[in-house]
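With the hints as constraints, model all of the structure from the sequences given.
Residue 0 is where the sequence shown starts when you use numbering that gives the first Met the number 0, and the numbers rise one by one after that.
Hints should not be assumed to be uniformly reliable.
Said to hold, decoys possible - Here are the simulated lysine-lysine pairs, BS3-like style, with alpha carbons at most 27 Å apart:
| hint | residue 1 | residue 2 |
| --- | --- | --- |
| 1 | LYS22 | LYS179 |
| 2 | LYS34 | LYS124 |
| 3 | LYS129 | LYS72 |
| 4 | LYS34 | LYS169 |
| 5 | LYS22 | LYS100 |
Claimed, not checked - Beta-carbon label-pair distances, calculated as ranges:
| hint | residue 1 | residue 2 | range |
| --- | --- | --- | --- |
| 6 | HIS159 | PRO136 | 26 to 36 Å |
| 7 | VAL55 | TYR128 | 39 to 49 Å |
| 8 | GLY75 | ARG31 | 25 to 35 Å |
| 9 | GLN86 | THR110 | 41 to 51 Å |
| 10 | GLU178 | SER103 | 38 to 48 Å |
| 11 | GLU164 | GLY69 | 33 to 43 Å |
| 12 | LEU143 | LYS72 | 15 to 25 Å |
| 13 | LYS72 | ASP131 | 37 to 47 Å |
| 14 | SER103 | GLU164 | 18 to 28 Å |
| 15 | LYS22 | ALA68 | 37 to 47 Å |
| 16 | GLN4 | ASP105 | 40 to 50 Å |
Honestly, the hints are just simulated from the structure, not real lab data. Glycine included, every Cβ here is placed at the ideal spot set by N, Cα and C.
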Amino acid sequence: MEATQILMSEHRLIDRVLSAMEKAVEALGTGRSIKPEYFLDAADFINGFADGCHHVKEEKVLFEAMIKAGIPKEGGPVGMMLMEHEQGRAFVRTMRAGVEKWKSGDLAGRTEAIKAANGYIDLLKAHIYKEDKILFPLADDAILWDAQEQIAKDFERIEHEETGEGVHDKYLALAEKLEKAI
0 MEATQILMSE
10 HRLIDRVLSA
20 MEKAVEALGT
30 GRSIKPEYFL
40 DAADFINGFA
50 DGCHHVKEEK
60 VLFEAMIKAG
70 IPKEGGPVGM
80 MLMEHEQGRA
90 FVRTMRAGVE
100 KWKSGDLAGR
110 TEAIKAANGY
120 IDLLKAHIYK
130 EDKILFPLAD
140 DAILWDAQEQ
150 IAKDFERIEH
160 EETGEGVHDK
170 YLALAEKLEK
180 AI
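What follows is the structure, encoded as C-alpha cells:
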C-alpha cells in the first residue's frame with residue numbers, strides 16, 4: 000500500500016536520527032564533549048517529525064482505518080503501538096528535562112538525559128521494526144484498496160494542513176545537522 004510505504008520511508012529518516020543520537024551517547028561515554036543542545040535538537044526532531052508528523056498520520060489515519068477494517072485496538076497491535084507512542088513521548092519529556100538541568104551545570108541532568116535518550120532509541124528501534132514487519136503488512140492485507148487510496152490522500156492533507164508545508168525538508172535538514180555534529 001502506498002500509505003505504508005510513505006510511513007516506512009519516514010522510518011528511514013527517523014532511523015538516521017536514532018543512529019546519530021546513539022553515536023552522541025557513545026561519544027559522551029568515551030569522554031568526548033557533546034553540547035547539551037545536541038539533545039534538544041534531537042528532541043525537536045522527535046517532537047516535530049517523528050511525533051508531530053509521522054505519528055499523527057499513524058494515529059489519526061492508518062490506525063483508525065485498521066480499526067474500521069476489523070483489527071482491534073484493545074489487546075492488539077494498534078493498542079500496543081499507541082502505548083509505545085506514549086512511552087516515547089515520556090522519554091522525550093524526560094530527556095528535555097535532563098538537558099535543562101545539564102545546561103544549568105547539574106551533571107545528574109546529563110545522566111538523566113542520556114538514560115532517557117537510550118530508552119527512546121531502544122524503544123523506537125523495536126517499535127519501527129514491529130511496524131515495518133508486522134503492523135504495516137497487516138494493514139496492507141486488511142484495508143480495502145479504495146480505503147488505502149484515501150489514507151494516502153489523508154496523509155497528504157495532514158502534511159499540508161496540520162504539519163505545514165516543507166515539514167520534510169525542515170526535518171531532513173535537522174537530521175543532517177545531527178548526523179554531521181557527531
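Taking the hints in turn, this is what the structure says about them:
Distance check on the hinted pair: LYS22 and LYS179 sit about 11 Å apart at the alpha-carbon level, within 27 Å; holds. Restraint check for LYS34 and LYS124: the C-alpha separation of about 24 Å stays at or below 27 Å, so the hint holds. For a cut-off of 27 Å, the pair hint linking LYS129 to LYS72 stands: about 16 Å separates their Cα positions. Taking the CA atoms of LYS34 and LYS169, the gap is about 22 Å. The hint holds against a cut of 27 Å.
For the given pair, LYS22 sits about 22 Å from LYS100 by alpha-carbon distance, which is consistent with the 27 Å threshold. Taking 26 to 36 Å as the suggested C-beta distance range, the pair HIS159 and PRO136 conforms, at roughly 28 Å. Roughly 21 Å separates the CB atoms of VAL55 and TYR128, a value that falls outside the hinted 39 to 49 Å. Taking 25 to 35 Å as the suggested C-beta distance range, the pair GLY75 and ARG31 does not conform, at roughly 43 Å.
Take GLN86 and THR110: their Cβ atoms lie about 20 Å apart, and the range 41 to 51 Å is violated. For the pair GLU178 and SER103, the beta carbons lie near 28 Å from each other, so the given range of 38 to 48 Å is not met. Between GLU164 and GLY69 the C-beta distance comes to about 35 Å, which sits within the given range of 33 to 43 Å. For the pair LEU143 and LYS72, the supplied restraint of 15 to 25 Å holds, since their beta-carbon distance comes to about 19 Å.
Remark: the range hint 37 to 47 Å for LYS72 to ASP131 is contradicted by a beta-carbon distance near 20 Å. Separation of SER103 from GLU164 is about 36 Å and departs from the stated range, judged on CB atoms against 18 to 28 Å. For the pair LYS22 and ALA68, the beta carbons lie near 40 Å from each other, so the given range of 37 to 47 Å is met. Look at GLN4 against ASP105: about 44 Å separates their beta carbons, and that is inside 40 to 50 Å.
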